[in-house]
Amino acid sequence: MKISTKGRYALRMLLDLSLHPDGFVALKDIAERQNISKKYLEQIVPLLNRSGLMRTNRGYQGGYMLSKPASQYTVGEILRLTEGSLAPVSCLADSENECPRAVDCMTLPVWEGLYKTVCDYLDSITLQDIIDRYNSQSGGDYYI
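Quick note on our numbering: the sequence shown kicks off at 361 and runs consecutively.
Hints are computed from structural coordinates only; laboratory data are not their basis.
Warning: the hint list may mix true and false statements.
As the list claims (entries may be wrong) - Pairs of lysine to any residue, SDA-like flavour, derived with a Cα cap of 25 Å: (1) K428 / L482; (2) K362 / S484; (3) K362 / T442; (4) K362 / Y494; (5) K366 / I490; (6) K399 / G423; (7) K362 / L468; (8) K388 / V449; (9) K398 / G444; (10) K476 / E456; (11) K362 / V449; (12) K428 / C465; (13) K399 / S411; (14) K399 / Q421; (15) K399 / G383; (16) K388 / Y494; (17) K362 / I491; (18) K428 / E402; (19) K398 / G422; (20) K362 / P406; (21) K362 / C479; (22) K362 / G436; (23) K398 / I363; (24) K428 / D489; (25) K388 / L441; (26) K366 / K476; (27) K399 / T442; (28) K476 / S496; (29) K428 / C479; (30) K398 / T442; (31) K428 / R372; (32) K362 / R440; (33) K476 / A453; (34) K362 / V470; (35) K399 / R440.
As the list claims (entries may be wrong) - What follows is a list of derived Cβ distance ranges for each label pair: (36) Q394 / G444: 17 to 27 Å; (37) R461 / D389: 14 to 24 Å; (38) P406 / G383: 17 to 27 Å.
Glycine included, C-beta positions come from ideal geometry on N, C-alpha and C.
Work out the full structure: start from the sequences and follow the hints.
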């Protein structure tokens, strides 16, 4: 499994918003701090906005902010939103495995175990956990 640029940048964008919880943040400011193209972030915004992970305010003093506390966002939910499935093989990507070989597949338990481990791990980490770990290692500087 390889996480795309879209998934990594969405996570960085939401972390940046987590570090600036006191109002709306301009996209250009996020782009500058994260060294990400504003154009690329503009492609990610609709996805995050439609899903309800962010709030948007247009016009003067406009920008973006998280719709809930950083402790309520998991890395797993963010990556599922941007990547689709986190399944390591296509037969596990849907809620029901429709592979005709599933009953006789000797390797299926390996992939199911990997999938469960990845999901459990990513679902156990919140944006706040990432920020707290970073702050404890760096002394509190707000760079991601």
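Cross-check of the supplied hints:
Annotation: proposed proximity of K428 to L482 holds, straight-line Cα distance about 19 Å (limit 25 Å). Distance check on the hinted pair: K362 and S484 sit about 19 Å apart at the alpha-carbon level, within 25 Å; holds. With a C-alpha separation of about 12 Å, the suggested pair K362 and T442 falls inside the 25 Å cut-off, and the hint holds. For the proposed pair K362 and Y494, the alpha carbon gap of about 23 Å is at most 25 Å, so the pair holds.
Distance check on the hinted pair: K366 and I490 sit about 19 Å apart at the alpha-carbon level, within 25 Å; holds. Taking the CA atoms of K399 and G423, the gap is about 15 Å. The hint holds against a cut of 25 Å. Only pairs whose Cα atoms come within 25 Å are accepted, and K362 paired with L468 is accepted, the gap being roughly 20 Å. Among the hinted pairs, K388 with V449 is inconsistent with the structure: their alpha-carbon atoms are about 37 Å apart, more than 25 Å.
Distance hint between K398 and G444 is fulfilled; the C-alpha atoms sit about 23 Å from each other, no more than 25 Å. Distance check on the hinted pair: K476 and E456 sit about 15 Å apart at the alpha-carbon level, within 25 Å; holds. Restraint check: the Cα-Cα separation between K362 and V449 comes to about 12 Å, which is no more than 25 Å; the hinted pair holds. Annotation: proposed proximity of K428 to C465 is violated, straight-line Cα distance about 42 Å (limit 25 Å).
Our distance criterion of 25 Å between C-alpha atoms is met by K399 and S411, whose separation comes to about 20 Å. Simply put, K399 and Q421 have alpha-carbon atoms about 20 Å apart, close enough for the 25 Å limit, and the pair holds. Distance restraint check for K399 and G383: the Cα-Cα separation of roughly 22 Å lies within the 25 Å cut-off, and the hinted pair is therefore satisfied. Note on K388 and Y494: the hinted pairing holds, with a Cα-Cα distance of about 23 Å set against a maximum of 25 Å.
Only pairs whose Cα atoms come within 25 Å are accepted, and K362 paired with I491 is accepted, the gap being roughly 23 Å. As the CA atoms of K428 and E402 are separated by approximately 21 Å, the hinted pair is consistent with the 25 Å bound. Restraint check for K398 and G422: the C-alpha separation of about 15 Å stays at or below 25 Å, so the hint holds. Pair hint K362 plus P406 holds up; C-alpha atoms about 23 Å apart against a cutoff of 25 Å.
Annotation: proposed proximity of K362 to C479 holds, straight-line Cα distance about 14 Å (limit 25 Å). Distance hint between K362 and G436 is fulfilled; the C-alpha atoms sit about 14 Å from each other, no more than 25 Å. Annotation: proposed proximity of K398 to I363 holds, straight-line Cα distance about 20 Å (limit 25 Å). Restraint check for K428 and D489: satisfied, since their Cα atoms lie roughly 15 Å apart, inside the 25 Å limit.
Using a Cα cut-off of 25 Å, the hinted pair K388 and L441 holds, with the two alpha carbons roughly 23 Å apart. At most 25 Å may separate the alpha-carbon atoms for a hinted pair to count; K366 and K476 meet this at roughly 23 Å. A distance of roughly 17 Å separates the Cα atoms of K399 and T442; the hinted pair therefore holds under the 25 Å criterion. About 29 Å separates the Cα atoms of K476 and S496, which puts this hinted pair outside 25 Å; it is violated.
At roughly 22 Å between alpha-carbon atoms, K428 and C479 fall within 25 Å of each other, so this suggested pair holds. With a CA separation close to 17 Å, the supplied pair K398 and T442 stays within the 25 Å bound. Distance hint between K428 and R372 is fulfilled; the C-alpha atoms sit about 16 Å from each other, no more than 25 Å. The straight-line distance between the Cα atoms of K362 and R440 is roughly 13 Å, inside the 25 Å bound, and the hint therefore holds.
With a C-alpha separation of about 12 Å, the suggested pair K476 and A453 falls inside the 25 Å cut-off, and the hint holds. For a cut-off of 25 Å, the pair hint linking K362 to V470 stands: about 18 Å separates their Cα positions. Pair hint K399 plus R440 holds up; C-alpha atoms about 22 Å apart against a cutoff of 25 Å. Checked against the given bound of 17 to 27 Å, the beta carbons of Q394 and G444, roughly 23 Å apart, stay inside it.
Look at R461 against D389: about 51 Å separates their beta carbons, and that is not inside 14 to 24 Å. Between P406 and G383 the CB atoms are about 21 Å apart, so this pair conforms to the stated range of 17 to 27 Å.
The structure is inconsistent with the numbered hints 8, 12, 28 and 37, although it conforms to all the rest.
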